[in-house]
Structures are given as structure tokens and as C-alpha cells.
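Peer 1: This is what each chain is made of:
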Amino acid sequence: MLLAKVMGTVVSSQKHAKFQGMKLFLIQPCGSSDKKLVPQGGSLVAVDCVTCGVGDLVLFTQGSSARMTECTKDSPVDAVIIGIVDAVEVHGKPLGKP
Amino acid sequence: MLLAKVMGTVVSSQKHAKFQGMKLFLIQPCGSSDKKLVPQGGSLVAVDCVTCGVGDLVLFTQGSSARMTECTKDSPVDAVIIGIVDAVEVHGKPLGKP
Amino acid sequence: MLLAKVMGTVVSSQKHAKFQGMKLFLIQPCGSSDKKLVPQGGSLVAVDCVTCGVGDLVLFTQGSSARMTECTKDSPVDAVIIGIVDAVEVHGKPLGKP
Amino acid sequence: MLLAKVMGTVVSSQKHAKFQGMKLFLIQPCGSSDKKLVPQGGSLVAVDCVTCGVGDLVLFTQGSSARMTECTKDSPVDAVIIGIVDAVEVHGKPLGKP
Amino acid sequence: MLLAKVMGTVVSSQKHAKFQGMKLFLIQPCGSSDKKLVPQGGSLVAVDCVTCGVGDLVLFTQGSSARMTECTKDSPVDAVIIGIVDAVEVHGKPLGKP
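Chains A, B, C, D and E are the protein sequences, given in the same order. With the first sequence counted from 1, adding 89 to any position gets you this note's numbering. With the second sequence counted from 1, adding 89 to any position gets you this note's numbering. With the third sequence counted from 1, adding 89 to any position gets you this note's numbering. With the fourth sequence counted from 1, adding 89 to any position gets you this note's numbering. With the fifth sequence counted from 1, adding 89 to any position gets you this note's numbering.
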């Protein structure tokens with residue numbers, strides 16, 4: 090899984106039927122650098138299954154494992170947000186959020 | 090999923106039987122940078138299942154999840170376009186399209 | 090899927106039983122840049138299921154979807170060539186081949 | 090599989106039900122360079138199934154194969170730690186740990 | 090599949106049960122550049138199922154396809170060596186080994 094910051098929302102009216110009702114977020118993956126979290130790699134779009142919001146630090150899963158939730162089962166989804174992150178601790182100290 | 094701009098079409102007469110009748114597009118993935126969408130990574134080829142066209146901003150799925158649509162089921166397809174994007178909003182403002 | 094140019098052949102006498110009789114090609118992925126196709130990323134090895142040859146521009150599939158052809162079914166194969174590309178057109182004009 | 094150093098822990102109270110009770114570690118992939126192991130690529134989050142700890146050098150598996158352990162079966166998990174590494178030897182000599 | 094050079098061995102005493110008895114190699118992926126094979130991307134760890142040794146040029150498979158051999162079936166393995174490479178030929182001439 091990767092850490093990511095929720096950046097915004099994606100609106101699509103003409104889409105595959107299984108995406109009806111799904112909440113799509115634009116997210117920016119983050120990684121640790123020294124004592125804080127920084128952007129890591131390019132942005133992507135993930136389905137929300139934990140009711141997160143813009144600005145949240147989240148954890149998301151990619152690939153076939155992204156279909157292992159009730160809301161993404163058997164759907165053409167390759168990225169799903171599976172947790173809201175409270176803290177990331179390195180050597181007992183929390184990393185600064187991005 | 091990734092955002093992408095549809096760049097062109099791919100013509101192949103000698104191909105695997107399951108690709109007969111499939112529409113193949115050359116697409117360029119995009120990501121957010123400051124207040125607009127910019128090219129991100131290399132171009133690739135995806136099957137269309139939402140009747141999009143050249144110039145559209147789309148959402149596509151990769152890997153085994155790309156086989157979770159009616160038109161790609163059980164096919165050797167690893168990328169499928171699953172939505173046409175109307176808008177991407179960050180902090181309430183739409184990102185400029187690529 | 091990605092576009093690639095077939096560069097050469099790979100010879101392996103000591104290999105997994107399911108690779109017996111498979112044709113293995115060294116391929117170089119390509120992407121669009123301005124008005125032509127250029128090398129994109131590193132080279133890899135793919136199984137041929139469309140009877141292509143060295144010098145051809147082809148389309149190949151990666152991951153579990155590479156097992157969705159008759160010749161790769163249930164095999165430890167993660168890349169398969171599924172089409173020979175006649176042309177890639179951007180804005181109605183063919184891209185120069187690599 | 091990739092080698093990685095366990096960097097810290099990830100705390101998430103609002104998460105997918107299947108993550109309840111799972112230990113989540115922030116890990117930094119490593120690769121060989123000359124005679125030692127060095128950071129390679131960005132950090133990620135993996136589930137622990139071998140009772141490792143911060144500071145350990147571990148081996149982790151990604152993708153659908155990450156669901157092939159008892160603790161991750163059928164879960165939306167795409168990275169799992171499957172071993173604690175005692176030594177990596179190149180030409181009979183151990184590589185320095187990161 | 091990717092070409093790789095077998096660099097060394099990985100020793101892990103505390104590991105997932107399915108890894109008992111598996112031979113783990115540190116490998117360095119290679120790609121073609123001009124007339125020889127050169128390192129390409131970072132090193133990784135793969136299971137051996139063709140009885141190769143350190144110094145060999147091999148072919149390996151990644152992802153779910155890495156579980157399609159007898160020795161890796163249903164195991165949390167995402168990379169397996171499936172062949173020892175005798176030669177890679179480009180335009181009828183063998184590429185220099187790395």
C-alpha cells in the first residue's frame with residue numbers, strides 16, 4: 090500500500106456502469122524523506138471506501154487487491170482508499186504530514 | 090486509475106482473435122501539477138469501452154482489473170478506458186485540461 | 090498495452106517446461122514523442138502469439154492478462170505479443186516508426 | 090520480492106474492516122550497490138506476517154501474491170512482509186546492511 | 090519477462106512457511122544497450138525453479154504469473170526464475186553478456 094494525500098475530486102458522467110455511485114478522488118502518493126512526508130511519483134485516481142475527504146492523508150491499495158472490498162468487487166477498479174492515516178511514526182516520532 | 094488524454098488510434102490487422110472489433114487508442118497519462126494537468130509518464134494503448142474520441146480526457150484502468158468489463162472479459166487486455174472525465178477539481182477549482 | 094519494436098531473439102535451452110516451443114523475443118517498448126515513436130523504458134522479453142518477426146512494430150500485453158491467450162494459458166508468462174501494428178495515427182497523420 | 094528496511098509504523102483508526110488487527114509498517118525498499126545495500130525507490134506500507142520490528146531488513150511481496158498468506162487472504166492488501174533477512178551474500182561476501 | 094544476472098544469495102531463517110526449501114537469489118535486471126546487456130533498474134529477489142547459479146544470465150517472470158510453476162504455486166512469491174539464457178541475438182549477432 091502507499092500513503093497519499095487526497096487532492097481533489099474527479100467528475101465523470103459518461104462512465105462504466107460499475108462506477109455509478111462511486112466516489113472518485115485525485116490523490117498524490119507520498120513517501121518519507123528525512124522527517125516528513127513528501128510527494129512521491131505521479132498523481133492518480135482512487136475509489137473511496139472509507140468516507141475520506143479532500144486534505145486527508147490516506148492509505149490506498151493497487152492492482153487486483155483493489156477489488157477485495159465490498160464497494161469495488163468485480164469492478165474495473167485498480168486503486169482503492171482503504172484507510173485514513175492518523176500518524177506515521179519513525180523512531181518513535183511522528184512524520185510531518187504533506 | 091489514471092487520467093489520460095486520447096492522442097490517436099492504433100491500427101493492427103494481424104492480431105489476437107479477441108481483439109477483433111475492439112477500438113484501440115493511443116493515450117497519454119496525465120497528472121496534476123500546480124493548477125493544471127500535464128503529461129505524466131509514457132504513452133500506452135488502451136481499449137475503449139465508453140465510446141470516447143481523440144482529444145477526450147479519460148480515466149483508464151490497468152492490470153487484471155482491465156478485464157472486468159463486458160468488452161474485455163477473458164481477453165489479453167491490460168488497459169481499458171472506463172470513463173470520460175468532465176472535470177477534475179482541486180480545492181473547489183477545476184484543473185486546466187492538458 | 091504498450092507498443093514495442095521487436096529487437097531480437099532469446100535462446101534458452103534450460104527452461105521451465107511450459108516454455109518449450111514458445112518463441113521468445115527481445116522487445117523495446119516505444120511511445121509517441123512529437124511526430125514519431127521513440128524508445129520508452131527498458132527492453133524486455135515477450136512470448137509471440139501472432140507470428141511476428143524482428144523489426145516489426147507490435148503491441149504487447151503484460152501481467153496476468155498475458156496468460157489470456159491459448160499459447161500462454163496457465164504458464165509463468167508475464168508478457169505476450171498480441172498484434173502487429175500497421176499504423177499509429179495522431180490527428181489523422183501516421184507517426185514515424187522507430 | 091524486494092529487500093526493504095522497516096522504518097516505522099502506520100496508525101489508522103478509520104480503515105477497512107479486514108485491516109483490523111493487522112500490523113502496518115512503513116518500509117524503504119533497498120537494492121545492492123557495490124558492496125552494500127542502499128535505498129532503492131520510494132517508501133511504502135506493508136502488512137507484517139512474520140513478526141518483524143523497526144530496523145529489521147526484510148523481504149516483501151507485492152501484488153496479488155501478497156494475498157497468499159493466512160493473514161492477508163482475500164484482503165485488500167498489495168504488500169506483505171514474508172521474511173526477516175539474515176544476510177545477503179554476493180560473491181561469497183555479505184553486503185553491508187542499510 | 091526480464092533478463093537478469095544472478096548476483097548472490099539471500100538467507101532468511103525467520104520466514105513464511107511456504108518459503109521453506111526455496112532457493113532465493115538476488116538478481117540484477119538487464120536490458121540491451123547498443124551491442125551489449127547492461128544493468129536496468131534496481132535489484133530484486135527471485136525464487137529459482139531451474140537450478141541456476143550465481144553469475145548466470147537468466148529470464149524471470151513477475152506478478153501473479155510467478156505463481157504458475159510447481160515450486161511457487163499458491164505461494165506469496167512475485168518473482169521466479171524460469172530459464173537460463175544461452176544467448177540473446179540482435180540482427181543475428183549475440184549481445185555481450187553483463
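It should be emphasised that the hints constitute simulated quantities derived from the structure, not laboratory data. The beta-carbon is built from N, C-alpha and C at its ideal position, and this holds for glycine as well. Please note that a few of the clues may not be correct.
Capping the alpha-carbon separation at 25 angstroms, the derived lysine to aspartate or glutamate pairs in DMTMM-like fashion look like this [as the list claims (entries may be wrong)]:
hint : chain 1 : residue 1 : chain 2 : residue 2
1    : B       : Lys-112   : A       : Asp-163
2    : D       : Lys-186   : A       : Glu-178
3    : D       : Lys-107   : A       : Asp-123
4    : E       : Lys-182   : E       : Asp-145
5    : A       : Lys-186   : A       : Asp-145
6    : C       : Lys-124   : E       : Asp-123
7    : D       : Lys-112   : A       : Asp-175
8    : D       : Lys-112   : D       : Asp-175
9    : C       : Lys-107   : B       : Asp-163
10   : E       : Lys-162   : B       : Asp-163
Looking from chain C toward chain E, a few residues come up when the C-beta cut is under 8 angstroms (computed) [as the list claims (entries may be wrong)]:
hint : residue
11   : Met-96
12   : Thr-98
13   : Val-100
14   : Ser-102
15   : His-105
16   : Phe-108
17   : Leu-115
18   : Gln-129
19   : Gly-131
20   : Ala-155
21   : Glu-159
22   : Val-166
Peer 1: Compare the structure with each hint and give your call.
Peer 2: Tested hints:
Taken as a hint, the B/Lys-112 and A/Asp-163 pair is honoured in the structure, with Cα atoms around 23 angstroms apart against an allowance of 25 angstroms. Annotation: proposed proximity of D/Lys-186 to A/Glu-178 holds, straight-line Cα distance about 22 angstroms (limit 25 angstroms). For the suggested pair D/Lys-107 and A/Asp-123, the alpha carbons sit about 31 angstroms apart, so the restraint of at most 25 angstroms is broken. For a cut-off of 25 angstroms, the pair hint linking E/Lys-182 to E/Asp-145 stands: about 20 angstroms separates their Cα positions.
At most 25 angstroms may separate the alpha-carbon atoms for a hinted pair to count; A/Lys-186 and A/Asp-145 meet this at roughly 10 angstroms. Proposed proximity of C/Lys-124 and E/Asp-123 is supported: the alpha carbons are some 24 angstroms apart, at most 25 angstroms. Between D/Lys-112 and A/Asp-175 the CA atoms are separated by roughly 14 angstroms; this keeps the pair inside 25 angstroms, and the hint holds. Pair hint D/Lys-112 plus D/Asp-175 holds up; C-alpha atoms about 21 angstroms apart against a cutoff of 25 angstroms.
Straight-line distance between C-alpha atoms of C/Lys-107 and B/Asp-163 comes to about 21 angstroms, which keeps the hinted pair within the 25 angstroms bound. A threshold of 25 angstroms between alpha carbons decides the hint, and for E/Lys-162 with B/Asp-163 the separation of about 21 angstroms falls inside it, so the pair holds. For C/Met-96, the interface hint holds, the least distance from its beta-carbon to any beta-carbon of chain E being 5 angstroms, beneath 8 angstroms. Hint on C/Thr-98 holds. Least Cβ distance to chain E is approximately 5 angstroms, under the 8 angstroms limit.
Taking 8 angstroms as the C-beta cut-off, the interface hint given for C/Val-100 holds, the closest approach to chain E being about 5 angstroms. The restraint placing C/Ser-102 at the interface with chain E holds, with a minimum CB-CB distance near 6 angstroms, inside the 8 angstroms limit. The interface hint given for C/His-105 holds, since its Cβ lies 4 angstroms from the closest Cβ of chain E, which is under the 8 angstroms cut-off. Among the interface hints, the one on C/Phe-108 holds; its C-beta lies about 6 angstroms from the nearest C-beta in chain E, closer than the 8 angstroms criterion.
Taking 8 angstroms as the C-beta contact cut-off toward chain E, the hint placing C/Leu-115 at the interface holds, the least distance being around 6 angstroms. For the restraint placing C/Gln-129 at the interface with chain E, the shortest Cβ-Cβ distance is roughly 12 angstroms, beyond the 8 angstroms limit, so the hint is violated. A least Cβ separation of about 4 angstroms between C/Gly-131 and chain E falls short of the 8 angstroms threshold, and the interface hint therefore holds. Interface restraint check for C/Ala-155: the shortest CB-CB distance to chain E comes to about 7 angstroms, inside 8 angstroms, so the restraint holds.
This hint is violated: C/Glu-159 has a C-beta 15 angstroms from the nearest C-beta of chain E, more than the 8 angstroms allowed. Evaluation of the C/Val-166 hint against chain E yields a held restraint, the C-beta minimum of about 6 angstroms falling below 8 angstroms.
The structure shown violates the earlier hints numbered 3, 18, 21.
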